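2 protein chains.
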Amino acid sequence: MPAGDLDDKFSQFREHWQPKVVASLNGQEVKLAKILGEFPWHRHAEADELFLCWRGRFRLEFRDHAVEMGPGDYHLVPRGVEHRPVAEAEAEIVLFEPADVRNTGDVDDACFTAPQGVVL
Amino acid sequence: MPAGDLDDKFSQFREHWQPKVVASLNGQEVKLAKILGEFPWHRHAEADELFLCWRGRFRLEFRDHAVEMGPGDYHLVPRGVEHRPVAEAEAEIVLFEPADVRNTGDVDDACFTAPQGVVL
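As you go down the protein sequences, you meet chains C and L in turn. To convert a position in the first sequence, counted from 1, into my numbering, add 420. To convert a position in the second sequence, counted from 1, into my numbering, add 420.
Just chain C, same shape as in the assembly (with noise of 0.2 Å):
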């Protein structure tokens, strides 16, 4: 039964906007991953995604508003949604979405698009 506690958890890695999956379970995911800068815009065609702000702040971003999120605040991206999130200081979340979803979604970037099942 995977289990654990969260700050543990995303004290085993450093990197950015590299997803690991820390829980799977009808047929999706529970990931965390650190973030730092701007994320491309991107939208998945058929995942909706929920972000969960854990540590630090961030700003979710879409095409004709912003979300400011700190710990605790959550947010449901549905599907076809372009958005990305934005971060000035280093911060900590949590996504639930659909297992084997491209972090980058519809776009291929070179810098940001990330292994899929990752498991932490």
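Everything labelled a hint here was simulated from the structure, so no lab data went into it. In this text the structure is predicted, and so the values were computed from the model without any measurement. Heads up, the beta-carbon is just placed ideally off N, CA and C, and yes, glycines get one too. It cannot be assumed that every hint is accurate.
As the list claims (entries may be wrong) - Selected chain C positions facing chain L (Cβ under 10 Å, derived; list incomplete):
(1) Met421
(2) Val442
(3) Ser444
(4) Leu472
(5) Trp474
(6) Met489
(7) Arg499
(8) Val514
(9) Pro518
(10) Phe532
(11) Pro535
(12) Val538
(13) Val539
Said to hold, decoys possible - Derived DEER-like restraints, expressed as beta-carbon distance ranges:
(14) Ala519/C - His485/L: 22 to 32 Å
(15) Ala519/C - Val538/L: 23 to 33 Å
(16) Arg483/C - Asp484/L: 45 to 55 Å
(17) Glu502/C - Leu456/L: 40 to 50 Å
(18) Pro491/C - Arg477/L: 30 to 40 Å
(19) Asp484/C - Glu488/L: 37 to 47 Å
(20) Ala519/L - His485/C: 21 to 31 Å
(21) Asp528/L - Met421/C: 20 to 30 Å
Please build the complex by placing chain L on the supplied structure of chain C, with the hints as guidance.
Frame of chain C; chain L shown alone:
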């Protein structure tokens, strides 16, 4: 787009063992619950269930062991596995599981079985 702050959402209700849906995505739900005391033993035949402890402490009991949960601890209970949460003082938990899962699973309990799909 469903969004909010978990502390604020938890402040909006007081009752125990009555899960509230705060986000629906990909056929799944994110639910919040306040818990206190012993919940009935039960299992979910077709749903894996992720517990995340947000505030307080509780014990996730299985027939052959128990796991102590504090803030930031998460634990995945696979489908079919009998379990019950026990909280000696009030705790706040986040659940991630398929939509329309009954809180008491295979058990129909006059006291503890709660309505499904209650949105906060």
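Now the hints, each set against the structure:
1. Met421: With Cβ-Cβ at 5 Å, under 10 Å, it holds.
2. Val442: holds, 7 Å
3. Ser444: Because about 8 Å separates Ser444/C from the closest Cβ in chain L, which is inside the 10 Å limit, the hint holds.
4. Leu472: holds, 8 Å
5. Trp474: Holds, about 8 Å.
6. Met489: With Cβ-Cβ at 9 Å, under 10 Å, it holds.
7. Arg499: This interface hint holds because 8 Å falls under the 10 Å limit.
8. Val514: Since the shortest Cβ distance to chain L is 8 Å, the answer is holds.
9. Pro518: holds, 5 Å
10. Phe532: Because about 23 Å separates Phe532/C from the closest Cβ in chain L, which is outside the 10 Å limit, the hint is violated.
11. Pro535: violated, 21 Å
12. Val538: violated, 17 Å
13. Val539: Because about 13 Å separates Val539/C from the closest Cβ in chain L, which is outside the 10 Å limit, the hint is violated.
14. Ala519/C - His485/L: 22 to 32 Å: holds, 28 Å
15. Ala519/C - Val538/L: 23 to 33 Å: holds, 28 Å
16. Arg483/C - Asp484/L: 45 to 55 Å: Because 52 Å falls inside the window, the suggested range holds.
17. Glu502/C - Leu456/L: 40 to 50 Å: holds, 43 Å
18. Pro491/C - Arg477/L: 30 to 40 Å: violated, 19 Å
19. Asp484/C - Glu488/L: 37 to 47 Å: Given range 37 to 47 Å: holds, Cβ gap about 45 Å.
20. Ala519/L - His485/C: 21 to 31 Å: Since the Cβ atoms of Ala519/L and His485/C sit about 28 Å apart, the hinted range of 21 to 31 Å holds.
21. Asp528/L - Met421/C: 20 to 30 Å: Roughly 26 Å apart at Cβ, these two residues keep to the hinted range, so it holds.
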